[in-house]
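Participant: Spelled out, the chains give:
Protein chains: 2
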Amino acid sequence: MQLAEAKAKFIADWGRLGTNWGINRTMAQIHALLLVSPEALSADEVMEELAISRGNANMNLRELIDWGLVQKVLRPGERKEFFTAEKDIWKVARQIVKERKKRELDLMLPVLKELSEVEGDKRDKGVKTFTETINNIRKFSEQADKILDTMIKADEHWFLGSLVKLFGGKS
Amino acid sequence: MQLAEAKAKFIADWGRLGTNWGINRTMAQIHALLLVSPEALSADEVMEELAISRGNANMNLRELIDWGLVQKVLRPGERKEFFTAEKDIWKVARQIVKERKKRELDLMLPVLKELSEVEGDKRDKGVKTFTETINNIRKFSEQADKILDTMIKADEHWFLGSLVKLFGGKS
DNA sequence: AATAACTTTCAGAAATATTTGAAAGTTCAG
DNA sequence: CTGAACTTTCAAATATTTCTGAAAGTTATT
Chain A
0 MQLAEAKAKF
10 IADWGRLGTN
20 WGINRTMAQI
30 HALLLVSPEA
40 LSADEVMEEL
50 AISRGNANMN
60 LRELIDWGLV
70 QKVLRPGERK
80 EFFTAEKDIW
90 KVARQIVKER
100 KKRELDLMLP
110 VLKELSEVEG
120 DKRDKGVKTF
130 TETINNIRKF
140 SEQADKILDT
150 MIKADEHWFL
160 GSLVKLFGGK
170 S
Chain B
0 MQLAEAKAKF
10 IADWGRLGTN
20 WGINRTMAQI
30 HALLLVSPEA
40 LSADEVMEEL
50 AISRGNANMN
60 LRELIDWGLV
70 QKVLRPGERK
80 EFFTAEKDIW
90 KVARQIVKER
100 KKRELDLMLP
110 VLKELSEVEG
120 DKRDKGVKTF
130 TETINNIRKF
140 SEQADKILDT
150 MIKADEHWFL
160 GSLVKLFGGK
170 S
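Each protein sequence line maps, in turn, to chains A and B. Under numbering that gives the first Met the number 0, the final residue of the first sequence carries the number 170; numbering is consecutive throughout. Under numbering that gives the first Met the number 0, the final residue of the second sequence carries the number 170; numbering is consecutive throughout.
Quick caveat, the hints were computed from the structure, so don't treat them as lab data. Glycine included, each C-beta is placed from N, C-alpha and C at the ideal position. Careful, some of the hints might be misleading.
To be verified - Just so you have them, the derived chain A footprint on chain B, three or more residues with Cβ under 8 angstroms: (1) 46-60; (2) 81-92.
Stated by the list, open to error - Chain B stretches covered by chain A per the calculated footprint, using a threshold of three residues with CB under 8 angstroms from any CB of chain A: (3) 9-17; (4) 28-36.
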């Protein structure tokens, strides 16, 4: 397969994958494009490569920067802004975990606490099942919270090393 | 908070969460409803509680069964089918991991292999960056693949026990 | 202060995903 | 077999999300 074709396939697949995970297709595609670009690209280059509008490119680049996956690069003497993506996949994964945790798990924990305090007779089956389920989810979430915090802070070598040791290095 | 209100909040929040992860809102809401229902519910009860159509209820219940998160229950002497959700959150999480892995990671790995074999001069910067990035993603994915397989097979106690030991039990 | 070179915004248009509901299909008791 | 009680299907309607592009905003230069 030639580079151009491979690149197009990667961008399309990364976009499809994003869609399945609640990330908009274009945002994932821009990310894919920058991941495989040796140099930082301008908004115009992104627009051109992906055949999208200026507004769309701008909005999704901003979102990617927000997620900490892309950075602006300024070239001395040029007005234009260029964009480049972090290429170390371990760092990318950690950043995504960090952001999703912040946007979802951290918001969910207080809600679960509140829900676990529902009023009512504990001998009532409805109340009992509700409370038990919520408490289970809560316990699970709190454990996830700790583990993810550790992962966010961890260095790749240490983290994967530990897991591989834990789970056995050989498949 | 009273049970009815708490239930409604949980269903709404679980639905919103699903949306962020590429799962359709109604499917997540049905799942939430069944998670907190002491008894299995009929399609009619689900329709009524969530104010959705018969077709919608049927399709999303089927999807949940497909994902292994919900089971049909037949009551002796009744024609109607009832639906119940697995309530052990660890099992639920494991099941979701298992299915998503099957639907996404397992399909992605061969694609990454193919992409990593792109033709072209390795001294070309474009080819070099592409190959390196793909190989990085591939290595990462293969490691994830192993770890997830272990998790899928693991028993809760052993798995979380190991992680907690690894990451330190106290926050 | 005027202009050029950019970036950002946002209302309306377009694309995508989800839902409805009525008809068709199935199963079973009589 | 027939009809009642259900479940499934799917084309059309609706809702939601995303995208466009022109106008407004910004910044640097002369």
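Participant: Does each hint hold? Answer for all of them.
Facilitator: Status of the hints after comparison with the structure:
no.	hint	verdict
1	46-60	violated (count 0)
2	81-92	holds (count 5)
3	9-17	holds (count 3)
4	28-36	holds (count 3)
Checked against the numbered hints listed earlier, the structure breaks hint 1 alone; every other hint is satisfied.
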